[in-house]
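K.L.:
Chains F and H, in that order, give the protein sequences. Numbered according to the working numbering, the first sequence spans residues 1 to 82. Numbered according to the working numbering, the second sequence spans residues 83 to 474.
Check the hints yourself; a few may be wrong.
[What the hints assert, rightly or not] Quick list of the computed label-pair ranges, beta carbon to beta carbon:
1) GLU54/F x GLU436/H: 14 to 20 Å
2) ASP40/F x ASN141/H: 41 to 47 Å
3) ARG34/F x ASN141/H: 48 to 54 Å
4) GLU421/H x ALA9/F: 32 to 38 Å
Rather than coming from a laboratory, the hints here were simulated on the basis of the structure. From the three backbone atoms N, C-alpha and C, an ideal C-beta is built for every residue, glycine too.
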Amino acid sequence: MLRDEVGGAREVPAEGENVRELLDDLMDRFPALRAQLVRDGEIAQFVNVYVEGEDVRTLNGLDTPVDPGQTVILLPAMAGGS
Amino acid sequence: MPTYRELLAQLRSEIDEVDASRARELLASDDPPLLVDIREFDEWAEGKIPGAIHIPRGNLESRIENAAPDKSRPIVLYCAQGNRTVFGAKSLGELGYTDVVSMAGGYTDWKRNGFDTELPGGLDDTQRARYSRHLLIPEVGEEGQLKLLDSRVLLLGAGGLGSPAALYLAAAGVGTLGIVDDDRVDASNLQRQVLHSTARLGDWKAESAKQTLQELNPDVDVKTYRERLTSENVERILADGWDVIVDGADNFPTRYLINDAAVWHDIPLVHGSIYRFEGQVSVFDPARGGPCYRCLFPLPPPPELAPSCAEGGVLGVLPGIVGSLQASEALKLCLGVGESLAGRLLLFDALMTEFSEVKLRKDPECPVCGEHPTITEYVDYVEFCSGRPTHA
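Same shape as in the complex, but just chain H:
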């Protein structure tokens, strides 16, 4: 096996590089390339090349197609020294990008040449006013708020849990929210689904949610997926690149599906579920050592033992509490502060106004996140949850 240095040298010979002066000429041309800064957030926050967009190396593959849908578009990548971009350029080549160059010497060399730099985005005056209560909190502050504006959270469902979660995430200034929901607003939803309104009866929930969220906070870009999450579309939806997923689904097949997908994509999953007066909240994040949903419940109950809210009912405010807890977990994960609910399941009983907590442990035998996984691709989740024996 090659050492890091050997691999770097080998890949460097396989990709194209330009020096800082040439990159500057290209950027000044009539048809400038897309300039992508692939450094970490804290490096970017200290200064960047004017015109650059920021996609950290760890998200480059998952986010580049959003930033550059046309794979023939010229792209210049830069990092601090010009090493990470060698790997980045190689990887984009493998994704089919035909005109990617790495800026040799990186941002360090750019600055050494005395070329222009600027502080990234910062908050404008309107944003300073809007987020002033966040700016006062040491754990958030301007840097944290910029992080939130740079964050991408996918919400499964714009229903009971999705409504409060999406409202608070949008209000907090999470820059991009994705909403997956194939349902339309029904009169029976309005007792708890506060994203929607009487005037929107019959509208698509995803579109109704988008309208509400953008009226609340125009900083937020809302992407709608007017479809039910399935094994067929999950990869396409996740390819848009998400930092955190908030699970507000209303059925077991979707919950097992998103669990498996989140494990395989290393995305933390904020779980919430509700029934009558009871709620459960946790964070599943095996990539950072925690258990997944299958560690907690290896099998779903047979359908006849698992009434949904549509069958058993739910106190209208309950999803407000549980969904808000999910939003709180999602915000902490985006900010990288505090202790998440990973490894703990929080139980809430509205009837007694009581919170309790149980410990969750990663199951080494877990078929998806365990040491020897036996499920490594999407299965038929409806079949898996049907109560009939499966070979999975």
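Bound conformation, chain F alone:
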């Protein structure tokens, strides 16, 4: 999921001190991501963002710090099964 929005890549580098800056950086470069990730200035409820495997909602949300080299996973819900 979301690969179409970033030109087919499964992993893209992004810059920022925290999740908010990192997502802003991504959405500036890939505007199609915005509708997939954000609702009313918050992470949409049908997307989870993980920093090093931890859901940022259980950390500091958009203010969760991201260190250089850490992996951030953007995970939208997907329903397919057939």
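Following the hints, position chain H against chain F.
P.N.:
Only chain H this time, still in chain F's reference frame:
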């Protein structure tokens, strides 16, 4: 509030009891009652009364209607001492059973009288051969295999995920499989839905699945539900009594519906979903402390942002991998061994051949499994997933 002893004494006065000798006479009569052993599996495995069927106390209400559809049929319940059956008999009375007795003194008294007992079912020679590779594994063995034969797994969908999951569960000897699917076999299915075949194009998937599974393993009883799961039929389907549900649905409304139902019925739900090269697998089991699907995704994406496999495509083998992982989780849950994926979401990327994992936490604010649930009955799931604001 009464103590356990007081409640037991009170209920005992409200139900009918027979002693072991009288139960034996009834069982020897021309029209014997249904004899139900309501002890736990390990107690049953050590010995039982000949002719008894086994329904553990925890499943009595959900399974009795299958075993005794006629509520006027005489039923004798027994447990170890004759206490659990007091509660069981009371409960069956409330379900409308009119001739239920509890065997006073239970299996202990039966044995003390020197009456016949036997080891339950055991495996016959054919089964020993069929399941020999399971019998060699310490975590399964004969006891585990009997547990599997006694287990009931409901599969939502006989499609991409349901196909490998059902095949492996049937091969493993899960005694009862339920299959919910309202679709027919289409040519575009055969690239991945390995339960079906070219010869079955146009057939109901549920019936095609049943045929394939019974040819694979005649030990397995396959129940088919040729219908789409809805708020209207979900209670009827769950009333048949299931230990584990495998979710291979292809749409959000069904996924939220089965999540809510599984939470309310305390049934572990093995989740799998697929898209192109990517798969997700987890186990939702709030009854044993884990999160539910709504803890993971409180809301579905609006439909325009959520392409299905029919719209976006899927690598044919991907459901084979994800559905097999679901079968593995379901088997572990039936056996009660190992660590399930409860609290973890496993991500698979076939394009990179990479597995990764993220932590899932139970949301105390979850509207269904949280501390103060705000959704306590089925909602309109199509509306809920339509992307329009709802008051739920």
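K.L.:
Are the hints correct? Go through all of them and say.
P.N.:
Status of the hints after comparison with the structure:
no.: 1; hint: GLU54/F x GLU436/H: 14 to 20 Å; verdict: holds (19 Å)
no.: 2; hint: ASP40/F x ASN141/H: 41 to 47 Å; verdict: holds (45 Å)
no.: 3; hint: ARG34/F x ASN141/H: 48 to 54 Å; verdict: holds (49 Å)
no.: 4; hint: GLU421/H x ALA9/F: 32 to 38 Å; verdict: holds (33 Å)
Violated hints for the displayed structure: none, as all numbered hints are satisfied.
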